[in-house]
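In order, the protein sequences belong to chains A and B. Position 258 of the first sequence, counting from 1, maps to 258 under full-length UniProt numbering, and the rest follow consecutively. Position 109 of the second sequence, counting from 1, maps to 109 under full-length UniProt numbering, and the rest follow consecutively.
Note that these hints are calculated values from the structure, not bench results. Being a predicted model, the structure only gives us computed values, none of them experimental. Glycine is no exception: its CB is placed at the ideal position from the N, C-alpha and C atoms. Heads up, a few of these hints could be off.
What the hints assert, rightly or not - On the chain B side, residues computed to face chain A include the following (Cβ under 7 Å):
| id | residue |
| --- | --- |
| 1 | F62 |
| 2 | P86 |
| 3 | L92 |
| 4 | E97 |
| 5 | T117 |
| 6 | N208 |
| 7 | I228 |
Claimed, not checked - Computed list of lysine-lysine pairs in PhoX-like fashion (alpha-carbon distance at most 20 Å, straight line):
| id | chain 1 | residue 1 | chain 2 | residue 2 |
| --- | --- | --- | --- | --- |
| 8 | B | K106 | A | K409 |
| 9 | B | K213 | A | K341 |
| 10 | A | K252 | A | K194 |
| 11 | B | K106 | A | K416 |
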Amino acid sequence: MAANYDYDEAPATYDDANRQELGYDPNFVPDSVKSFVVHLYRHIREKNVYEIHQMYEISFQKLSDRLFKDTPWPSVDAVAHYVDNDQVFCLLYREMWFRHLYARLSPTLKQRIDSWDNYCSLFQVVLHRVVNMQLPNQWLWDMVDEFVYQFQSFCQYRAKMKNKTEQEIALLRQFDQAWNVYGVLNYLQAFVEKSNIIQILEQEKEGIEQFTATDGYDYSGGSNVLKVLGYFSMVGLLRVHCLLGDYQTGLKCLLPIDINQQGVYTSVIGSHITTIYHYGFASLMMRRYVKAIREFNKMLLYIYKTKQYHQKSPQYEQILKKNEQMYALLAICLSLCPQTKLVEETVNSQLREKYGEKMARMQRYDDEAFAIYDELFSYACPKFITPSAPSFEEPLVNYNQDAYRLQLKLFLYEVKQQQLLSGVRTFLKVYSTISLGKLANYMEVDEPTLRTILFSYKHKTHAVDSDGNIISNADVDFYIDDDMIHVVESKPVKRFGDYFLRQIVKLEGVINDMDRIRLE
Amino acid sequence: MVRERETPKQQQQVSYTVEQLVAVNPYNPDILPDLENYVNEQVSSQTYSLDANLCLLRLYQFEPERMSTQIVARILVKALMAMPAPDFSLCLFLIPERVQMEEQLKTLIVLSHYLETGRFRQFWDEAAKNRHIVEAVPGFEQAIQTYAIHVLSLTYQKIPRPVLAEAINIEGLSLDKFLEHQAANSGWILEKGHGRGQLIVLPRNEFNHPELKKIAADSVPLEHITRIFTILG
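Just chain A, with the same shape it has in the complex:
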């Protein structure tokens, strides 16, 4: 049930919204829906996770396609009496109701605010009451994912102040707590803390706890809801911080999850992709190109091998979209840090097919190159947000592009700083030694300028990793002795040690054989 990220935003006027509401009867409950909620309610009560998952993933989708293609599902009030007016079930139903609305239709401001209220009520229940449910990971992931998505959508909507009606502005002023950035972040943080998930993951490494082994499910009669929401909230926090442009903190929030191993984050394809996409993007912005390349490579290979299994799933479109975006990001990373040996053959051939020509042009670092960097970045980047509330005083403007423009500007600024490095690389590949004077001549710059270029090359190709260590990601390297440049090409290392060991043993064998021969 991943939301479609590309649809139009809220209707421009209130009239459209009203017309939408009048277009169907919210209190009419078809039999199939009655049957759906009754069964789902029973399965949840009986903690039958498999059945819940089937209904959530498949039945809901089927009914939506058949009966609710462009109208909302029946209102929660209409179905409540079929499920004993169970408060928690109603909150869960409403959560699905709003998710469907966002995916198929355009939410009005009032609906956005109501959805926020519903999340608050639902989250309060999970955080402060003992919840005796087991829900499928897919659903729990979708909750967090959708929560962050609706926050992002609200910020985009709110930032388009120009055509807002008076009613909308009045509502925005009145309900200023709805989708407030503090609220969103604090709920995610609360899940992480209350679930104790960080300690659980730590203790799991020592063998005291079980979490990943059971995919987060609780087989001792308890509930998985708080724990798994806490777990997925770490990914949620990574995502929100990326939307704000705070890559360092985003990666920090993800730290307790080891992305070099399988985990609960890989149990749901949407969560797996979201995690790696944001991890890779944050690494790219922090100039940790090798890390980004490695992770994108792994993820793209995984998608290549497994996407056929998701063809029928509602997430398929999203999977494909993110796949394309990650190829674009990989193209960017490899243009800034040419390390093709890090990329697996299948991924490499796909990459060359999609972006081979563009990558060649990007490495020329002329105006055209910058246009391509701009294009790929804009296509693949997250939908950055301005988290602060608008000032209702000023002349009303649209500022929804501000955040994106800032990130793009700073990214291109970094690209520009690396502009001269490509030229140096070409020369270094051709010579084993060359004097500073000669190279300056060939590059048509004076010696002091050449020195700055070489310093810049060294600085930009030696990144600082998360532990503060220097890691070289230079494919071609050099050192200078007085005024002589010595080029060092990183060749695959011949393992002489192993070779000698083998030969020693072999020689010993030959000598032993010879000793046994008697000369007659």
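Given the coordinates of chain A, assemble chain B onto it according to the supplied hints.
Chain B alone, transformed into the frame defined by chain A:
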């Protein structure tokens, strides 16, 4: 990169509390004044905390009316001092474009640009024209010199004296003293270059001595050697 020095016990207690706040309750507008004080404390006691400063920049993002350009400038200077870590750009990502246009911050961005592109001479020239910004933060000069030496150490095995002098902005007798100190404590070796003055031999590392890197890659585990112990014996 956190640079830590000895601080008086009282100050240590305050910073411990702020770090806790950032770890446990970072999305809280009430801690904004504490974080601002902490920036000033980092400046005066020559300590540094990227996480706390990012937390403050985020709060400024959430409530732009409460932003102080002065504090932002101080954060950026501290970030500059953390080079080669990319802290400066990490901070810029959180500062709105129109704020970055302000005079103080524009200057700092130019300074950062010079350092990122190895233009040390231009950096020191520009820094000299803006003493009020850089002198406001103790330890600035040394921090940049440390960064410059870091870049030189990645690049040079043997560096001519004038190149070193320009990079760290020290000349004449002061430079002689500096070199003596480095020779005594950091393993620098001073040589006579052929006719052209001094050559300074920088300490060996895997970046200016690639053979050091190769050795690390071709290591053989001990268990494999045990196979041939009988032969060697």
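- Message: Given E97 (chain B) as an interface hint, is its Cβ closer than 7 Å to any Cβ of chain A?
- Response: Holds: closest Cβ of chain A sits about 5 Å from E97 (chain B), inside 7 Å.
- Query: Taking the closest Cβ pair, is F62 (chain B) under 7 Å from chain A?
  - Reply: Holds: closest Cβ of chain A sits about 5 Å from F62 (chain B), inside 7 Å.
- Message: Min Cβ distance, P86 (chain B) to chain A: is it shorter than 7 Å?
- Response: holds, 5 Å
- Message: Quick check on N208 (chain B) please, does its C-beta sit within 7 Å of some C-beta on chain A?
- Response: N208 (chain B) check passes; min Cβ-Cβ to chain A is 4 Å, inside 7 Å.
- Query: Given L92 (chain B) as an interface hint, is the shortest Cβ-Cβ distance to chain A below 7 Å?
  - Reply: At 6 Å from the nearest chain A Cβ, L92 (chain B) passes the 7 Å test, so the hint holds.
- Query: Between K213 (chain B) and K341 (chain A), is the straight-line Cα distance small enough, at 20 Å or below?
  - Reply: holds, 19 Å
- Message: Need the status of pair K252 (chain A), K194 (chain A): alpha-carbon distance at most 20 Å?
- Response: holds, 18 Å
- Message: Next item in the hint list is T117 (chain B). Is there a CB on chain A closer than 7 Å to its CB?
- Response: Check passed: Cβ of T117 (chain B) comes within 5 Å of chain A, closer than 7 Å.
- Task: Quickly compare the C-alpha distance for K106 (chain B) and K416 (chain A) to 20 Å and report which way the hint goes.
- Result: It holds: about 17 Å lies between the C-alpha atoms, which stays within 20 Å.
- Proposed interface contact between I228 (chain B) and chain A, which counts if any beta carbon pair is under 7 Å: Constraint on I228 (chain B) satisfied, holds at 5 Å.
- When you check the alpha-carbon spacing of K106 (chain B) and K409 (chain A), does it fall within 20 Å? holds, 15 Å
Checked against the numbered hints above, the structure violates none of them.
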